[in-house]
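Engineer: Listed below, chain by chain, are the residues.
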Amino acid sequence: MSGAATTAGSELPRSAEPHRGLPPSAGAGIAGLSILRAEWTKLRTTGGTGWLLAATTALTIVISAATVAATHCPAGASCSVDTTRLSLTGIEAAQALVAVLAVLTVCTEYSTGMIRTTFTAMPRRLGVLAGKAGVLTGLVLAAAVVAVAGCLLAGRLILPADGLTAARGFPLVSLAHGPTVRAAIGAVLYLALIGLLSLGVATILRDSAVAIGAVLGLLYIVPIIAAVVGNPVWQRRLERYGPTNAGLAIEDTTGLRHLPIGPWAGLGVLAAWTAAALLIGGLLLRLRDA
Amino acid sequence: MSTGTITPYRAPRRTGNDGFWQLLHAEWTKFRTVRGWLIAVIIAAGLIVGVAALLPRGSNQCGSGSQSGAACLAKYPIGPGGEAVSDSYYFVRQPLAGNGTITVRVTSLTGMYSDQGGFQGGGQAPGVRSGLVPWAKAGIIITQSTKQGSAYAAMMVTGSHGVRMQYNYTSDSAGLAGAATAASPRWLRLTRSGDTITGYDSADGRRWTKVGIAHLSGLGSIVQAGLFATSPAYEQSNNPNVYSEPGGSTSPSIATGVFDHVSLKGAAAGAWTGQFVGDGGGSSDGPNGVFGKSTQPGFRHVGEQFTVTGYGDIAPEVAGDTGNDTISDHLFGVFIGLTIFLILAVLFITGEYRRGLIRTTLAASPRRGRVLAAKALVIGVVTFVLGTAAAALAVTIGLQLAHGSGIYVLPVSWLTELRVMAGVGALLALAAVFALSLGVILRRSAVAVGAAFLTIVLPYVLGASGALPREAAIWLLRVSPAAAFALEQSVPQYPQVFNQYAPPDYYPLAPWAGLAVLCAYAAGALGLALYLLRRRDA
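Protein sequence lines, in the order shown, are assigned to chains F and U.
First residue of the first sequence: 1, per the numbering used here; consecutive thereafter.
First residue of the second sequence: 1, per the numbering used here; consecutive thereafter.
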């Protein structure tokens with residue numbers, strides 16, 4: 001059944017623009033903060049949210065620390081390691097959990113039919129999407145700040161034991177270093193953008209398994225294709241415009257001149273992907289029956 | 001709701017049709033009748049094949065020259081073991097009939113290499129340095145003939161790996177360590193007795209140590225014995241700290257060995273003749289005058305002393321920096337197909353939880369372990385069959401396309417091909433069983449798919465894309481379920497050939513070890529799933 005349409009005019013054909021029951025003035029009454037509060041309550045009271053966020057933070061730090069610990073620069077060898085980027089390796093794993101959280105935010109409502117209740121109570125669908133985006137971004141930002149801080153701390157503590165010492169041109173990972181601050185802020189923003197991208201894709205696809213498959217495929221398959229594709233022109237294109245490759249350029253602090261895409265430009269590419277996903281998702285949300 | 005400790009109700013008696021075959025049939029029907037899943041498995045198999053066709057790797061020998069296509073296909077000689085080999089060296093030889101012994105003293109091994117890549121004709125090019133590549137070789141050799149790919153055994157001093165005995169391209173054993181100099185020379189000896197050749201080394205020419213024994217079949221009564229020098233191309237990796245095959249550059253090198261106390265005992269006839277064996281090993285490592293007129297392949301015989309200069313290599317061909325492909329390069333789509341199979345395997349169980357069908361399933365067949373076994377068997381067999389078939393097609397098509405565009409694919413035996421194809425099937429099937437178990441454990445599709453990606457896909461991406469430092473990547477590809485990608489490796493790594501050994505051609509674990517790692521993960525997850533399925537309410 002076409003959920004929102006039945007509340008007012010059940011004779012409407014399925015393909016018609018769904019009718020929104022409440023007049024604009026009533027809609028305005030439950031806009032803004034109320035939507036945010038409603039979405040916050042939903043996400044807060046869902047069992048998995050806290051666990052997912054805690055797991056995101058923990059996994060990011062553990063993977064970063066393990067990677068840093070597994071790295072060795074034997075005495076006498078010349079090592080080219082970007083210590084900041086290395087310390088932030090866990091972000092590659094964190095994005096999967098952020099994507100799961102974002103997909104669940106939308107798809108759980110579709111799988112349980114809750115979405116019809118939501119749209120009956122709050123007919124401004126774009127407002128609902130914005131509310132979900134706002135709550136999700138807040139949560140992801142909070143988790144990401146803790147995760148990134150933990151990663152950098154782990155790098156600072158473990159890297160000297162790998163032989164990557166200041167004496168050999170690898171100063172301690174420190175927030176007094178401009179590019180490292182940029183990388184840290186960028187990594188936090190990266191995760192937030194990945195969350196919003198996943199939210200957009202989930203709104204488009206609606207089924208949780210399909211949506212998570214699509215998002216993770218986009219995040220993980222493109223970089224590996226870029227790594228092995230034989231054609232250098234395509235390799236460069238994928239490295240410049242793939243969401244993961246471009247977005248993670250924000251974590252680079254050395255050899256910036258040789259990057260396929262600059263740090264902020266790369267994050268901009270990811271932002272463009274996110275905007276496109278949210279735009280299409282928002283459009284479909286308005287046009288389709290729930 | 002669930003109280004955790006209470007054992008769920010189970011029907012006290014079996015009711016009619018709950019034999020395992022019926023259960024298997026029921027699960028197969030559930031899988032077969034969801035049209036989206038059928039389409040998805042066909043797409044997954046199609047991607048495995050399609051990517052082989054769309055993503056050709058490697059490069060041919062022509063570079064950006066005027067020739068292209070099959071005309072550029074390298075023609076490597078084939079060694080006695082069936083592998084493609086490089087067999088180019090400068091040879092100062094005499095025919096030797098029947099059994100005999102050749103002994104020399106090596107007093108020096110020096111060389112030059114260029115670190116500028118490419119060639120520049122005329123005079124000594126810029127970027128030429130004095131020094132040896134690690135596997136520059138000079139020593140003595142007994143070979144069936146001067147035809148490339150012949151059976152041989154050789155004793156040699158090397159650039160930085162001491163004295164070695166090598167035979168038939170793939171075998172290598174170490175002798176005395178350290179370089180050969182006038183102050184500390186190296187004595188080398190090879191003795192032929194029938195089809196057996198024994199190698200010895202010595203620091204003083206009196207106390208000899210056996211280094212190795214080679215059994216060469218079909219050596220013939222007359223063999224060629226003598227001195228040789230060769231030097232493989234100098235390889236520069238863009239970033240040696242990364243575990244991937246980077247676009248490194250190769251440039252020519254050349255080596256000169258100085259010998260004295262040369263003695264050939266046995267039915268040897270005639271004088272020493274010099275000859276360059278091979279055609280320079282393709283275009284990429286021939287010096288073409290890079291090192292100037294004074295350093296050309298050849299030999300001088302002054303009094304007791306022989307000076308032999310040569311380049312090339314006597315070793316198996318490898319993939320990687322050389323631009324050669326292996327059949328593993330055509331299996332890149334397996335990783336993409338895997339992502340779809342993972343999602344399907346998760347949905348195969350979480351779909352039942354979402355729709356409540358699981359309660360009907362468990363009411364119909366209360367023995368929960370059997371239900372899980374039937375599900376695992378169905379999804380495992382489907383992925384194994386499709387995966388193996390898709391891999392077979394991908395390898396066949398990839399081989400045709402690579403040859404068509406002049407890219408050399410290292411030949412392997414049909415048994416190895418079969419192992420790789422069935423290995424892909426096994427990799428996909430075990431990964432699917434692992435994902436199914438995650439689905440039982442976590443019950444929510446998005447969470448289970450996320451977990452499957454985190455444990456299999458992410459380690460492969462991090463390990464094989466060069467995103468991690470070398471040690472971390474190798475560690476990840478040893479301990480994570482992604483270790484099973486080692487099943488795709490088709491040619492061995494040779495320690496005696498300097499190369500960037502990295503995915504997708506080479507993996508840190510042996511194929512069967514990689515399979516065992518994934519087996520362990522799948523078995524562990526299946527066990528936990530079984531335990532939870534029995535304990536929890538559905």
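Incorrect hints may have been included.
Stated by the list, open to error - Sample of chain F residues at the chain U side, in silico, Cβ under 8 Å:
1. 65
2. 97
3. 213
4. 221
5. 227
6. 253
7. 254
8. 258
9. 260
To be verified - Derived list of chain F stretches under chain U, where covered just means 3 residues or more per stretch with a C-beta under 8 Å from a C-beta of chain U:
10. 100 to 112
11. 134 to 146
12. 165 to 173
Treat the hints as calculated values from the structure; they're not laboratory data.
All figures in this text were calculated on a predicted structure; none of them were measured in a lab.
Even glycine gets a Cβ: it sits at the ideal position worked out from N, Cα and C.
Engineer: Hint by hint, say whether it matches the structure.
Structural biologist: Do the hints match the structure? See the list:
The interface hint given for residue 65(F) is broken, as the beta carbon of that residue sits about 11 Å from the closest beta carbon of chain U, more than 8 Å. The restraint placing residue 97(F) at the interface with chain U holds, with a minimum CB-CB distance near 6 Å, inside the 8 Å limit. The beta carbon of residue 213(F) comes within 4 Å of a beta carbon in chain U, closer than 8 Å, and the hint placing it at the interface holds. With a cut of 8 Å, the hint placing residue 221(F) at the interface with chain U holds, because the nearest CB-to-CB distance is about 6 Å.
For the restraint placing residue 227(F) at the interface with chain U, the shortest Cβ-Cβ distance is roughly 4 Å, inside the 8 Å limit, so the hint holds. Checking residue 253(F) against chain U by beta carbon gives a least distance of about 15 Å; that is not within 8 Å, so the hint is violated. For residue 254(F), the suggested interface contact is broken, since its CB lies about 12 Å from the closest CB of chain U, more than 8 Å. With a least beta-carbon distance of about 10 Å to chain U, the hint placing residue 258(F) at the interface is violated under the 8 Å criterion.
Nearest Cβ of chain U to the Cβ of residue 260(F): about 13 Å, over the 8 Å cut. The hint is violated. Requiring three or more residues with a Cβ within less than 8 Å of a Cβ of chain U, the coverage given for the region 100 to 112 of chain F holds, as 5 such residues are present. By the rule of at least three residues with a Cβ nearer than 8 Å to a Cβ of chain U, the coverage given for the region 134 to 146 of chain F is violated, with 0 such residues. Coverage of the region 165 to 173 of chain F by chain U is violated in this model, with 0 residues showing a Cβ closer than 8 Å to a Cβ of that chain against a need of three.
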